[in-house]
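Taken in order, these protein sequences are the chains called A and B. Everything in the first sequence is counted per the working numbering, starting at 1 for the first residue and increasing by one. Everything in the second sequence is counted per the working numbering, starting at 1 for the first residue and increasing by one.
Keep in mind that the hints are not guaranteed to be accurate.
To be verified - Mimicking DMTMM-like on lysine to aspartate or glutamate, the simulated pairs with C-alpha atoms at most 20 Å apart in a straight line are:
no. : chain 1 : residue 1 : chain 2 : residue 2
1   : B       : Lys132    : A       : Glu403
2   : A       : Lys117    : B       : Glu110
3   : A       : Lys313    : B       : Asp55
4   : B       : Lys54     : A       : Asp140
5   : A       : Lys729    : A       : Glu807
Source of the hints: derived by calculation from the structure; they are not laboratory data.
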Amino acid sequence: MISSYLSERTSTNAQFFDELATADGNIYPHWQKLVNAYDKLGNEGLTNRAHEVMQLLKENGVTYNIYGDPEGLNRPWMLDPIPMVFSQKDWTLIEKGLKQRANLLNQILQDIYGERKLIRSGIIPFEMIYNHLGFLRQMDKIRIPGKHQLVQYSADLARGPDGKMWVLHDRTDAPSGAGYAFENRVAMTRVFPDMLRENHVRRVGSYYQTLKNTLSRLSWQGSDDPRIVFLSPGPSNETYFEHAYLSSYMGFTLAMGQDLTVSDGYVWLKTIGGLEKVDIIIRRVDDVFCDPLEFRMDSQLGVVGLMESVRQKKVLVINPMGVRILENPGLMAFLPKICQHVLDEDLILPSVATWWCGQEKEKQYVMDNIRFLMVRKIYRSRLNRSVYGGDLSEEQIIQLKNEIQARPHLYVAQELVNFSTTPSYINGKLEARNAVFRSYVVADTDNDDYEVMQGGLSRSSPDKGVFIVSNQSGGISKDTWILESEGKETHHLKPTPIIKQIQNIIPSRTGEHLFWLGRYIERSIYTVRLLRIILKKYYETADEKHLEGDLVITTLLKTLTAITGTQPGFNKKSILNQSKKELISLITDPHRVGSLSQSVQSFLNNAYSVRDRLSLDTWRILDSISDELSRMKNQASLHQINRNLDNLIIKLMAFHGLNIDNMTRENTWNILNIGRFNESARNTCIIIKTMLSEKRSDDVERMILEYLLMTNESLVTYRYMYRSTLEVKAVLNLLLIDELNPKSVTYQVERIDQHINKMPDGNNRYLNPIRKKLLEINTKVRLYNAEQLVTTDKSGKHRKELVLYLESITSLLGEVYNLINEQYFSHTQNRYGFVTTKLPEV
Amino acid sequence: MKYNVKHITKYIYDFPASLCHNIVYQIPSAHPFQKLVNFDCEIDPEPTSLTRRKDFFENEFIYFSLQKTHQKLTVTSQSAVELVRPSWMDINPGDTPAWESVVDILHTTEVLNDIRQFYLESPFVPSLSDIKDYASESFFPGRPIMDSMLDLNQRINQDFTFTPGFTEISTPLREVFAEKKGVCQDFAHFGLACARSMGLAARYVSGYIETVPPPGQPKLVGADASHAWIAVYIPEVGWLEFDSTNNLLVNDQHIRVATGRDFGDVIPMKGVVYSGGGQTMDVSVDVMQVE
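For reference, chain A alone in the conformation it holds in the complex (with noise of 0.2 Å):
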């Protein structure tokens, strides 16, 4: 397989670099080992080993959201099985030009927001900072402890035609991507470890060690234990897979801006216990999104009063605001004087040429080339795309020539490197693509220096020849390995510290989604399991277009109605007559509320919600949950619905089963359960109420009656502990004030009253709202008094009495959902508005 590389490597893409081999088909020394691997396993096995790579990170519920498509949220994580690979001559000086400029552009910083001398004695050229939407003078002469003020720092580096390393962007403003990293990562060993072994790649582990090193050593208030929070846009930003999953790694409460709240200076985060204290914010929100009281308005991503905070030293911002000043990439133009100047250094890893149109000079070359020249703005955003002169109309060009020419120094052009070509498993063969390297860098306190990751994640085009490569436009990862020469194993990891145990806190909001997670698996299976006995009961009637004289099929059908809620439903005698179309919407139709199609979906987004809660083969399952619901969308066969059904409840089952024994029994637990049990109590009442209101005749009310006890799961029971025939006052029994019985309403009802008790304050001396609540239902269930409640009407036809009992209970534990709502997640409440300013008027 390598050898038709080689071929078209001498012949058609000579023109590049290539990471594998020279122009005349060498292979380079330290690719050799791996060529003789891919050679090895041959096209069909690494086939195979890539169909591997992705089914784990879908599997793993690795996700990417793509902006402004409907169908984008979610996308699987794409990888290639063939790493980017650098031999450690090459990555010492990669590593060794990333520490110098990360240590460059944090002097670049400091001076910004401090002294401007570099600005004064006009090595930077004052507009280009001046003039920059990221110079946030907010920020003015604001620091964080330390000398880093720069902590995380990103750059995509891509090779050049003469071999070298150039830095294509700096990130600096919430840089991204190292969680995928480690996903990448993860999956490689899982898949290649033989690979990974023979080739000594280096272990990319130390970074986050020492990420997480360096918060814990930041705080202000010198608190050797801070609390820090992973601030992320929330679940449709297009990382937020990384968000959960970085978070839930490194022990980071994960939370968006609407879960904190500033007061007396300092940031809380609301949780279900009431506001904890934040330390130190980890943003991934782009600072000017940050606080809408002093940056921009419109933001619903920040946090109000933070820049406050942060002036009060009460709260640490990581990357501080104002960041986004160096990924101006004018300031390009100028890092080799400002590295000498600075450090009195030559810059070791050199960026892409760049003319800053600031300049009369360089803006007249700009003007003259460019056709041949990538043109952007100083200041990146998703409205100022980067535009490749080549590509434009003769019009477009002089409108942009016009643009430059009214703003000059706010662009900037760069030269359309041709970056190297390396090998990418592309349908079933190795094709060569033009790769992108993106590095993290984080500032290590202990050591005073930065630390560069070894490794880092690597983009590669999907398209012959193509060089803007991002994962919005579609580009797939690639892994990247550092190989150490052989034998020397020169770098470990270093010893983890020790990281003291802390409560896990709950943001309200998360509490919220954990509750009604619970609630639709809930609500699902009770819809699963009614809709199997009715499509097995429906394929018994001979008549399916004329179900009304059918007493049993028609009220099961009503329950199916009534605990999805989709009243009048089965009530209404047109709809019984095309029961099959209305069977299929309420369980395929994703837009109708209470489609079994739309809990099952609104459990998989409260999941999503929360994922940084649940564990990675919890992910699994939900994964084929999903895959469930996506086979069951478009089937019109009732038939094939039924094999879907059968499928969905085991799945669901085993999500409760992975729960049960997985989940530490602490606040995510009871809240879950909270809401598992208020769903199932409230099912249990709405089915007897259905299924019973009226008397029938006896061998009709005994195949309801089994039908009831099949809907909750206890017909076995029953069997098992009256060995007769069904009768209406043993089944209430069972089914509402049984103990033992899992399935009845005093047991859930329970439930709900011990897990209240393991939350805050739901164990004081004196019972709060919701358990007294709690209490009334129970003590109302266990006074129940059968005979009156079987008993109808005048007529002999309704039980009245029974209805009636019912929807009180039904109705009281809405009222603790209410309390619960109020007690737990109400500092959700976030809507806020701007008080309207008034024009002076003189």
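For chain A, the structure is supplied; the task is to place chain B on it using the hints.
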């Protein structure tokens, strides 16, 4: 001249609010021709936290937050200032340097960035080519800068109609220019755009001015208002202030509060309130001359 200023801002929310954060720019600044004798800010209900700070442009501002449930918020700023006649009143405009020479000096690294930053565009004052055309009429080659500015000031005053309620904060400068209507803030922003388009450093000044009632009528309480004008930098003279709303070279009747690139840097009061609905706002300003 001595003045007492009382600036009251009242908010009434439709629903009770649990929390609010606010930033207030109402403290008169220290200035070569202005002395702040006294300042006091009263906030009702009493804020949970309050700090007084200086911003990037050396303006003093107040940050406060309120963490108890409230439906009304009143901020009363009272200040006493003494104004003296600025030295520029004695300058003969014809004796000032040609505007181009000022531009040349500004564009060297010799001049402090604190000054140079004010010839750049700012969020509310973008550079627009037709504004430059408008401004150029006042800036013919070699004309003394103060002459040019006074001419520009007068033209803006004549060409624009003072129309309260026509513009709001979000009205873009382009529209103000097209309609030639607005309030003092729009006049000031337009003046800034003109001066900057020529390459001059110009900044926004917010403050107060006493309004004089029509002859024979008593002055109404609260009828004064906050005001805005611009200052243009002339080497060796400093920041000369021009009020195009009133076609004036600023003398000793303009009380300066804050300076910035534009209105956005010095909004008299802005805030975020956690409440479910809208709000009504009432502002009153009294400027009283003291003996």
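These are the hints, each one checked on the structure:
1. B:Lys132 to A:Glu403: Holds, because 16 Å separates the two Cα atoms, which is no more than 20 Å.
2. A:Lys117 to B:Glu110: holds, 13 Å
3. A:Lys313 to B:Asp55: holds, 16 Å
4. B:Lys54 to A:Asp140: Holds. B:Lys54 to A:Asp140 sits at ~11 Å (cutoff 20 Å).
5. A:Lys729 to A:Glu807: holds, 18 Å
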